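Asker: If you want the building blocks of each chain, they are given just below.
Protein chains: 2
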Amino acid sequence: MASTPCDVAPKSKASLEDDQPHLANSLTTNMTNKVETMIWQGGTEGHLDMIDQTLLPNEMFRIECRDVETVWEAIKMLRVRGAPAIGIAAAYGVVVGLQTVNDETEAFFARFDEVTAYLATSRPTAVNLFWALDRMRRKMDSVREDLSVAEIREKLLVEAKLIHEEDRKMCHSIGAHGADLLKGVKGVLTHCNAGGLATAEYGTALSVFFTAQDQGHDLHVYVDETRPLLQGARLTAWELMQRGINATLICDSMAAQVMREGRVQAVVTGADRIAANGDSANKIGTYSLAVLARAHGIPFFIAAPSSTFDVTLSSGDEIPIEERSSTEITHGFGRQTAPTGVQVYNPAFDVTPAELIEAIITENGVIQPVNEENIQRVLNYV
Amino acid sequence: MASTPCDVAPKSKASLEDDQPHLANSLTTNMTNKVETMIWQGGTEGHLDMIDQTLLPNEMFRIECRDVETVWEAIKMLRVRGAPAIGIAAAYGVVVGLQTVNDETEAFFARFDEVTAYLATSRPTAVNLFWALDRMRRKMDSVREDLSVAEIREKLLVEAKLIHEEDRKMCHSIGAHGADLLKGVKGVLTHCNAGGLATAEYGTALSVFFTAQDQGHDLHVYVDETRPLLQGARLTAWELMQRGINATLICDSMAAQVMREGRVQAVVTGADRIAANGDSANKIGTYSLAVLARAHGIPFFIAAPSSTFDVTLSSGDEIPIEERSSTEITHGFGRQTAPTGVQVYNPAFDVTPAELIEAIITENGVIQPVNEENIQRVLNYV
Chain A
1 MASTPCDVAP KSKASLEDDQ PHLANSLTTN MTNKVETMIW QGGTEGHLDM
51 IDQTLLPNEM FRIECRDVET VWEAIKMLRV RGAPAIGIAA AYGVVVGLQT
101 VNDETEAFFA RFDEVTAYLA TSRPTAVNLF WALDRMRRKM DSVREDLSVA
151 EIREKLLVEA KLIHEEDRKM CHSIGAHGAD LLKGVKGVLT HCNAGGLATA
201 EYGTALSVFF TAQDQGHDLH VYVDETRPLL QGARLTAWEL MQRGINATLI
251 CDSMAAQVMR EGRVQAVVTG ADRIAANGDS ANKIGTYSLA VLARAHGIPF
301 FIAAPSSTFD VTLSSGDEIP IEERSSTEIT HGFGRQTAPT GVQVYNPAFD
351 VTPAELIEAI ITENGVIQPV NEENIQRVLN YV
Chain B
383 MASTPCDVAP KSKASLEDDQ PHLANSLTTN MTNKVETMIW QGGTEGHLDM
433 IDQTLLPNEM FRIECRDVET VWEAIKMLRV RGAPAIGIAA AYGVVVGLQT
483 VNDETEAFFA RFDEVTAYLA TSRPTAVNLF WALDRMRRKM DSVREDLSVA
533 EIREKLLVEA KLIHEEDRKM CHSIGAHGAD LLKGVKGVLT HCNAGGLATA
583 EYGTALSVFF TAQDQGHDLH VYVDETRPLL QGARLTAWEL MQRGINATLI
633 CDSMAAQVMR EGRVQAVVTG ADRIAANGDS ANKIGTYSLA VLARAHGIPF
683 FIAAPSSTFD VTLSSGDEIP IEERSSTEIT HGFGRQTAPT GVQVYNPAFD
733 VTPAELIEAI ITENGVIQPV NEENIQRVLN YV
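Protein chains in written order, with my numbering: chain A, 1 to 382; chain B, 383 to 764.
Simulated from the structure, these hints should not be mistaken for lab results. Do not rely on the hints blindly, as some may be mistaken.
So the derived label-pair ranges between C-beta atoms look like this [claimed, not checked]:
hint: 1; chain 1: A; residue 1: L78; chain 2: B; residue 2: K458; range: 48 to 58 Å
hint: 2; chain 1: A; residue 1: I321; chain 2: B; residue 2: E710; range: 27 to 37 Å
hint: 3; chain 1: B; residue 1: R519; chain 2: A; residue 2: Q343; range: 40 to 50 Å
hint: 4; chain 1: B; residue 1: D699; chain 2: A; residue 2: L162; range: 56 to 66 Å
hint: 5; chain 1: A; residue 1: N380; chain 2: B; residue 2: Q750; range: 47 to 57 Å
hint: 6; chain 1: B; residue 1: T722; chain 2: A; residue 2: N371; range: 39 to 49 Å
Quick caveat: nothing in here was measured; it's all calculated off a predicted structure. Just so you know, even glycine gets a beta-carbon here, dropped at the ideal spot from N, CA and C.
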């Protein structure tokens, strides 16, 4: 794409240091031949290699995180986003941060405290960030009396890789369960980005499509652009294209027409939070799709890990809906598209009632029909 | 609004010639104290004063059309848009174009041919453009044998004003019929721009809201931004604010949530073409609203003049759906928001089946329930 004065996506630190970012980028992409959000390169002295998501979809560029400051900046600036992906990045960030000290015990432990406290400030509201840092600390605490610093470094890298691998397995498991539900389906519709970029690999809703493709099932995926922040247009369309899946971008207002024309036989989205009765909060626009799908006799599925359930909430009525800044709607594309001073309503999420959800696809299995009993059964499956 | 490098809306000819366009603008606005798309200023030697719609909503600027070239450019560049408004502009354009010749008969008639042929090239697919030019010619033909050139000039100006006034009356009549249907309604939702900017004044769907306000009925109007071209955000929100109506802008994907929260008790949109059975084509996203309204028990209304009906079409199945350029979605705001090469589906319109429409509001009366018999009755009312 030709650069325009409106293309204001921030340049990554790495790209500023590189005279040929596009070349470096394409070489890296070709080497891995996969679209992995994060890759650990080498041993305990290695580095974290991640996609800079702020440059997508116009540029595919990978950042080499060789110091903890680069990891911190990547989380802070949303170069890596999505709850699971942030946790994984933070875990690897601990390993990278410890590379600046030698194997002297006191300095190593002091540096550990320093690095975890620093990383915790990168995105203070991200639950998975603290979860991952806690898990790294528990691992260190469990071995610090018995092992050498060099051995602890190894254990911490193994733990970070385990967090990464567990997430990957979770995604693949969701994909396998979901792909079974799409037998005979030719076209599907999705919303926002519930893809590999937010996780270790494959994602949740997109994992269903990727797994179907792996099984030789050609799907045509319609992608809602997902106003106001366009995660569908910017991220989901890109992920599907990277994997060679037939993807067609539409505006959110076109979903009903796509359903009416018989182009899709299922809708699959992710979820941010699911109540005990199955009511599911997800990106604004999801509820609209569920109502439209019901009106057209099309099943509506949610794909989400068991960690998404919050069974302390009896129903969706207890899920607060965050309202976000009006400028996301009035100045969403680098220029003003609405009158100065206009009132705006910008709910970030909506809640889809359980009765509109055909099934919830988790790593433990499929919840179908969606009710409290089936949710409990599947959550307690492990 | 502060000017940004992304603010690429073309400057009007007039604003380039004026050192104080904002001052000139506000003076004009204050003088008229109304948001009229077009105003004829003076007698046969006067000029056409119109809002430059390409600068909305960031700038409210009126163009003074003192020559036919300025009228032609305004139609061509969409400074004036909407079928009725284009017809009115062309009619006044004929009057302006004839000001360059004196009252010598042969030169005057030759100039008339030249001016109408020239205006016809400004937007060759606009049916109302040709309709208005034909009407001006019929007027001239009816008087050319009997009147002086000076008298013919007067007659042509009267005819242009009549076209203008008939459209104004049509809008007000739709408004009056529609306002009766909104008794007890506090919140309404609309889509795209069916407003005064596209007509002489008041518009169609917006005329219902303006008339309700004139009757002392305070409505809160939720406005879909209407992707991809954002007519709701750019034009409808602006028109409502100009008239002091409580307006709240939302993304198209938020309409279902707004309905669910009980914020609106009716939906009113315009229509582009209505078949003999009441199936109605309108801006993409209208069908989605009609389905969502039905699911939430909210009445869905269409407001449109009788000229919108095409009774040669037995149903909406016969209405072709125009597909528009993918760049409207991928590069809609001066920057790229989707991956290069992504497939796009961009239908410009959808068709709402008659059974989802509670009533169609025309200048002749209200069609309710919507069926072929009631449509014939109201269309033949005049």
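Asker: Are the hints correct? Go through all of them and say.
Answerer: Results for each hint:
Separation of L78 (chain A) from K458 (chain B) is about 43 Å and departs from the stated range, judged on CB atoms against 48 to 58 Å. As the Cβ distance of I321 (chain A) to E710 (chain B) is approximately 30 Å, the hint placing it in 27 to 37 Å holds. For R519 (chain B) and Q343 (chain A), the Cβ-Cβ distance of about 47 Å falls inside the hinted range of 40 to 50 Å, so the restraint holds. Against the hinted window of 56 to 66 Å, the Cβ-Cβ separation of D699 (chain B) and L162 (chain A) comes to about 58 Å, which satisfies the hint.
For the pair N380 (chain A) and Q750 (chain B), the beta carbons lie near 54 Å from each other, so the given range of 47 to 57 Å is met. In this structure the hint that T722 (chain B) and N371 (chain A) lie 39 to 49 Å apart at CB holds, the actual value being about 45 Å.
Hint compliance for this structure: hint 1 alone is broken.
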